[in-house]
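Residue numbers (the working numbering), protein chains in the order written: chain A, 45 to 155; chain B, 10 to 120.
Mixed in with the good hints there might be a few duds.
Computed from the model, here is a short list of chain B residues facing chain A with C-beta under 7 Å [unchecked claim]:
{"no.": "1", "residue": "43"}
{"no.": "2", "residue": "53"}
{"no.": "3", "residue": "55"}
{"no.": "4", "residue": "58"}
{"no.": "5", "residue": "64"}
{"no.": "6", "residue": "68"}
{"no.": "7", "residue": "110"}
{"no.": "8", "residue": "113"}
Cut-off 27 Å, straight-line C-alpha distance, at most; resulting in silico cross-link-like pairs (DSS-like, lysine-lysine) [unchecked claim]:
{"no.": "9", "chain 1": "B", "residue 1": "65", "chain 2": "A", "residue 2": "138"}
{"no.": "10", "chain 1": "B", "residue 1": "107", "chain 2": "B", "residue 2": "76"}
{"no.": "11", "chain 1": "A", "residue 1": "138", "chain 2": "B", "residue 2": "51"}
In case anyone wonders, no lab produced these hints; they're calculated from the structure.
Every residue gets a Cβ at the ideal spot worked out from N, C-alpha and C, and that includes glycine.
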Amino acid sequence: SQTIHQWPATLVQPVGSPLSLECTVEGTSNPNLYWYRQAAGRGLQLLFYSVGIGQISSEVPQNLSASRPQDRQFILSSKKLLLSDSGFYLCAWKGSGEGYTFGSGTRLTVV
Amino acid sequence: QKEVEQDPGPLSVPEGAIVSLNCTYSNSAFQYFMWYRQYSRKGPELLMYTYSSGNKEDGRFTAQVDKSSKYISLFIRDSQPSDSATYLCAIHSYNFNKFYFGSGTKLNVKP
Chain A
45 SQTIHQWPAT
55 LVQPVGSPLS
65 LECTVEGTSN
75 PNLYWYRQAA
85 GRGLQLLFYS
95 VGIGQISSEV
105 PQNLSASRPQ
115 DRQFILSSKK
125 LLLSDSGFYL
135 CAWKGSGEGY
145 TFGSGTRLTV
155 V
Chain B
10 QKEVEQDPGP
20 LSVPEGAIVS
30 LNCTYSNSAF
40 QYFMWYRQYS
50 RKGPELLMYT
60 YSSGNKEDGR
70 FTAQVDKSSK
80 YISLFIRDSQ
90 PSDSATYLCA
100 IHSYNFNKFY
110 FGSGTKLNVK
120 P
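Starting from the given sequences, assemble the full structure and let the hints guide the process.
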């Protein structure tokens, strides 16, 4: 069966520090992978998606970047965090057929 | 105009009540309709998935789609305190290759 792993679960980082969030998928190959951010009361905002290794589409220009160095690995990064980067970050994958499967999320607080 | 609109609530009901959650969408090109349930500090989990007008039932949950009105609903029968969560609707079209989420409705079922 397919599983998605996302870590860390919680992160507190100072303004101006770098960020690296990692997501890996097991039990599938060549998945479509997505990074979402969920802010309180604002729903899910699509940040990046990837249909294959090295292929990244950015939905929202901002302080973040994404990379896909391996088929089942998706990384969200920032060189310098802003206060506005705080939020709940979710990785998701989509196989053939039904909807997304989401990871358990990373709650990022920038202080 | 947003692709999908959802009343944020919160919605508070007594245990055993029938709950109705609703979303409207703007583009008739959307073909696939989903409901996700998200417990506090967790990633969303897929609850219901449908692609046709009419009703789809799964236990106490019924998803209803009215494509002519661009209106989707989720009904929960005999609601339980364990149903307390945020419910997100989502729509998808292969033409756009991405999902659009409602902002979520927070449901509280009181024992």
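Each hint, compared with the structure:
1. Nearest Cβ of chain A to the Cβ of residue 43/B: about 4 Å, under the 7 Å cut. The hint holds.
2. Restraint check, residue 53/B versus chain A: the minimum CB separation of about 5 Å is within 7 Å; hint holds.
3. Because the beta carbon of residue 55/B sits about 5 Å from the nearest beta carbon in chain A, less than 7 Å, this interface hint is met.
4. Among the interface hints, the one on residue 58/B holds; its C-beta lies about 5 Å from the nearest C-beta in chain A, closer than the 7 Å criterion.
5. Annotation: interface hint on residue 64/B violated; nearest CB of chain A at approximately 18 Å, more than 7 Å.
6. A cut of 7 Å between beta carbons decides the hint on residue 68/B: the least distance to chain A is about 17 Å, and the hint is violated.
7. The interface hint given for residue 110/B holds, since its Cβ lies 4 Å from the closest Cβ of chain A, which is under the 7 Å cut-off.
8. A distance limit of 7 Å between C-beta atoms decides the matter here; for residue 113/B the minimum to chain A is near 6 Å, and the interface restraint holds.
9. For the proposed pair residue 65/B and residue 138/A, the alpha carbon gap of about 22 Å is at most 27 Å, so the pair holds.
10. Proximity of residue 107/B to residue 76/B is assessed by CA-CA distance (about 19 Å); at most 27 Å being required, the pair is judged to hold.
11. Taking the CA atoms of residue 138/A and residue 51/B, the gap is about 18 Å. The hint holds against a cut of 27 Å.
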